[in-house]
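Construct the entire structure; sequences and hints are all you get.
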Amino acid sequence: MVVWPRFPNAPITEALLDVRIKLPSFVDLSRLATFQDAVEDRYPQRRERSSWQAGFQIKDGSVEVMRPSGRPDGYLFTSADGRQMVQARLDGFTFNRLKPYDKWKPWNSSDGLRTRFSSTASPKSPGSYSNELCSRGASCSP
Numbered sequence: 031m032v033v034w035p036r037f038p039n040a041p042i043t044e045a046l047l048d049v050r051i052k053l054p055s056f057v058d059l060s061r062l063a064t065f066q067d068a069v070e071d072r073y074p075q076r077r078e079r080s081s082w083q084a085g086f087q088i089k090d091g092s093v094e095v096m097r098p099s100g101r102p103d104g105y106l107f108t109s110a111d112g113r114q115m116v117q118a119r120l121d122g123f124t125f126n127r128l129k130p131y132d133k134w135k136p137w138n139s140s141d142g143l144r145t146r147f148s149s150t151a152s153p154k155s156p157g158s159y160s161n162e163l164c165s166r167g168a169s170c171s172p
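The opening residue of the sequence shown carries number 31 in my numbering; numbering runs sequentially from there.
Because the hints were derived from the structure by calculation, they are not lab data. Small disclaimer: the values here were computed from a predicted structure and weren't measured. A hint or two may mislead.
[What the hints assert, rightly or not] Computed spacing ranges between beta-carbons, pair by pair: (1) 129 to 77: 45 to 55 Å; (2) 142 to 36: 20 to 30 Å; (3) 35 to 144: 22 to 32 Å.
The beta carbon of each residue, even a glycine, is placed where N, CA and C say it ideally should be.
Here's what the structure looks like:
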């Protein structure tokens, strides 16, 4: 087995797995809040998450501005040490690992979390998956 060196100043500041799916209409914020019931020992902190949209359009020399609109769309559950987060949203699920990100072991727990989300939210479709590694000086957004 190859043993890789650990870098004390690894450039990766965040790694995430993002799953976008369509949920049944009966899934609401109160149902998503129950996701924490089985993982509260590992993710004791809960914050409401909101999604915002705004925009503008330039047409025939004039600018039309869309009013910003936002609404709560899920929850962010954080581990006690603040290094791992799970997002349970009305449009999907995200597992975040913050620095130090130096090994694959944290991803082992993401499988159980995805299974828990599926049992909580009863997704209609498998959805799309995205993995991202974020480095210093680069933005990382799901």
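query: Out of the numbered hints, which ones does the structure contradict?
result: 1
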